[in-house]
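Participant: Each protein sequence line maps, in turn, to chains A and B.
The opening residue of the first sequence carries number 0 in numbering that gives the first Met the number 0; numbering runs sequentially from there.
The opening residue of the second sequence carries number 0 in numbering that gives the first Met the number 0; numbering runs sequentially from there.
FYI, nobody ran anything at the bench for these hints, they're computed from the structure.
Please note: incorrect hints may appear among the correct ones.
To be verified - Distance ranges between label pairs, derived from CB positions:
id, chain 1, residue 1, chain 2, residue 2, range
1, A, ALA26, B, ILE1, 42 to 52 Å
2, A, VAL116, B, GLU49, 40 to 50 Å
3, A, SER21, B, ILE1, 48 to 58 Å
4, B, ARG47, A, SER21, 36 to 46 Å
5, B, GLY26, A, ILE22, 38 to 48 Å
6, A, ALA65, B, THR129, 28 to 38 Å
7, B, GLY95, A, LYS127, 37 to 47 Å
8, A, VAL116, B, PRO153, 16 to 26 Å
Because the structure is a prediction, the values reported are computed rather than measured.
Beta carbons: idealized from backbone N, C-alpha and C, even for Gly.
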Amino acid sequence: MALRYSRFGMVDSVPRATRRVSIDELADLLADPPRASVAFLAHDEVHLIPVRVCRKGDGFLLGFRAEALTPRTGTVATLLVDAGVFTPELRGVRLRGVVDGLADGGPDEELTWCLLVADQVVAWDYSKLRRSGR
Amino acid sequence: MIAAKVKIDRHLASCRVVRVAARLPSGTPLVVPLWFVHRRGSFFLTQRSESPLVRAVAVHPDVVMLFDPERSTGEREVLRVRGRAEVRRGRWPLAGIVVRHSVRYHFHPRALAGYLRHPERIVDILRYYTERSRMSAVVEVRMEQAQFIVAPGPSS
């Protein structure tokens, strides 16, 4: 809720538009993400790698191609899963967490799998834009 | 060299959303999907002036971007660009960018069709963009390095 001064010097509460949703509202997107990428730091540079994603318990398995740089265990990484191009169809999830090492049992043996345990989640869906508080 | 430039330009023409990674002042990595306008080796990204990306590039200007063609599925080529970002403020010097941006995204037939599919949201969509236009900045990223990489496809 934003605050602003009215013409009479009073503070008004102004409901702002919001696109935020809960991650549960994007369960279908996370079940079959069309594209995903993960950002992390290595060698004092930020890296951004396209990955395949699937859920595993409370975490997310990230599948890297063999030639791709993978984050080390304990590295903070941010995963982005998003879809859509124009306003009402834009939706996505950004998850920040710690990489918990190489993981066995990914669905594709040709990829190298890491487990990301997320501790911060931001989810949005522009088809559900509304005034905050509604 | 010319062939590479033609390939890059053709690839960029098939992309409308770019994923941008930067380093926040706290040192943690950030990645956001954004609309972009491309002009003469630079990419222009409109942002709220207090957005995490604006705060990030003010301290760490090196960014990485992935250009992933929207219609591609499965294993596919993605363009990865490394560049240096700079925040540009002020309405009039950037008016041309904002106009191109609006035509490319808000007045595209698919965008207009999307608004018509959600008529109950139009007021809130207008409110959302009006609120943000009052506090907007443009992040300009100058391309320094471009490389095609292969992205794994979604689950089969």
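Participant: If a hint holds in the structure, say so; if it doesn't, say that too.
Facilitator: Status of the hints after comparison with the structure:
1. The hint said 42 to 52 Å for the Cβ distance between ALA26 of chain A and ILE1 of chain B, and at roughly 47 Å that hint holds.
2. Taking 40 to 50 Å as the suggested C-beta distance range, the pair VAL116 of chain A and GLU49 of chain B does not conform, at roughly 29 Å.
3. Between SER21 of chain A and ILE1 of chain B, the C-beta spacing of about 49 Å keeps the proposed range 48 to 58 Å intact.
4. Distance hint check for ARG47 of chain B and SER21 of chain A: the Cβ-Cβ separation is about 22 Å, which falls outside the suggested range of 36 to 46 Å.
5. For GLY26 of chain B paired with ILE22 of chain A, a C-beta distance near 25 Å fails the hint of 38 to 48 Å.
6. Against the hinted window of 28 to 38 Å, the Cβ-Cβ separation of ALA65 of chain A and THR129 of chain B comes to about 48 Å, which falls outside the hint.
7. Between GLY95 of chain B and LYS127 of chain A the C-beta distance comes to about 33 Å, which lies outside the given range of 37 to 47 Å.
8. A hinted range of 16 to 26 Å holds for the C-beta pair VAL116 of chain A and PRO153 of chain B, which are about 22 Å apart.
Checked against the numbered hints given earlier, this structure breaks hints 2, 4, 5, 6, 7; the rest are met.
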